[in-house]
Amino acid sequence: DSGVTQTPKHLITATGQRVTLRCSPRSGDLSVYWYQQSLDQGLQFLIQYYNGEERAKGNILERFSAQQFPDLHSELNLSSLELGDSALYFCASSVGVGALNYGYTFGSGTRLTVV
Amino acid sequence: AQSVTQLGSHVSVSEGALVLLRCNYSSSVPPYLFWYVQYPNQGLQLLLKYTTGATLVKGINGFEAEFKKSETSFHLTKPSAHMSDAAEYFCAVRGFSDDKLIFGTGTRLQVFP
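Those protein sequence lines, which keep their order, are chains A and S. Numbered as in this note's numbering, the first sequence ends at 115 without a single skipped number. Numbered as in this note's numbering, the second sequence ends at 1113 without a single skipped number.
Don't take every hint at face value.
One-sided excerpt, in silico: chain A residues whose CB lies under 8 Å from chain S [as the list claims (entries may be wrong)]:
| id | residue |
| --- | --- |
| 1 | G28 |
| 2 | G58 |
| 3 | Y102 |
| 4 | F106 |
| 5 | S108 |
| 6 | G109 |
Simulated DEER-style distance windows between Cβ atoms [said to hold, decoys possible]:
| id | chain 1 | residue 1 | chain 2 | residue 2 | range |
| --- | --- | --- | --- | --- | --- |
| 7 | A | P70 | S | G1016 | 49 to 55 Å |
| 8 | A | V115 | S | S1012 | 31 to 37 Å |
| 9 | A | G3 | S | V1029 | 28 to 34 Å |
No lab work stands behind these hints: they were computed from the structure. Since this is a predicted model, take the numbers as computed values, not measurements. C-beta: ideal position from N, C-alpha, C; glycine also.
Kindly produce the complete structure, drawing on both the sequences and the hints.
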């Protein structure tokens, strides 16, 4: 157990629907990152939050949004789902940012299947 | 901008043989470099990291990697492969002031008895 908790582990939904993926970071970690892993795109950085504030944005679609709550858990919202959104979505956390960021701890991921 | 290139999407070795997984990076600033391992249906686990200091870095499970600035490389090695090493390995880089990790495309390691 890495200490980063992601729910649900699996999600099957239809095109056009909206889903929410949840992540609880490791205790003491203030920064949360979301990644998408697919066969054709590999591991793509989506977005980072630090202590409740958005810190960096990557290749995140406009249909996707995220937030980090006061208790530091984070949610990734995916809407108007398309078949191509099927992927593994990982959350990771780290203690600090910048020079104090020595690497992430990953959760076990949420496998999203859009049918 | 930072990027990494992992040479070889698949590597096969016999049990007991040397494991060598190649990673070259591109970075306009001093890089932090990482190797992660992903077992089937699991998340990524940190194997080792280079931040500053000693260029030969030892990680978990007997793996090590050497940061070679002149070659812009950070290859992962293990002297003797075990069956349990079969997994996908990812090299990643980040800049000193940039938090996000940029991952390579991964190398799938197969270990044959």
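Hints and how they fare:
For the restraint placing G28/A at the interface with chain S, the shortest Cβ-Cβ distance is roughly 16 Å, beyond the 8 Å limit, so the hint is violated. Interface restraint check: G58/A against chain S, minimum CB-CB distance 6 Å, threshold 8 Å, status holds. The beta carbon of Y102/A comes within 6 Å of a beta carbon in chain S, closer than 8 Å, and the hint placing it at the interface holds. Taking 8 Å as the C-beta cut-off, the interface hint given for F106/A holds, the closest approach to chain S being about 4 Å.
Residue-level restraint check for S108/A holds (minimum Cβ-Cβ distance to chain S is 4 Å; threshold 8 Å). Using the Cβ-Cβ criterion of 8 Å, the hint placing G109/A at the interface with chain S is satisfied: the shortest such distance is roughly 5 Å. Look at P70/A against G1016/S: about 52 Å separates their beta carbons, and that is inside 49 to 55 Å. Remark: the range hint 31 to 37 Å for V115/A to S1012/S is upheld by a beta-carbon distance near 35 Å.
The hinted range of 28 to 34 Å is satisfied by G3/A and V1029/S, whose Cβ atoms lie roughly 30 Å apart.
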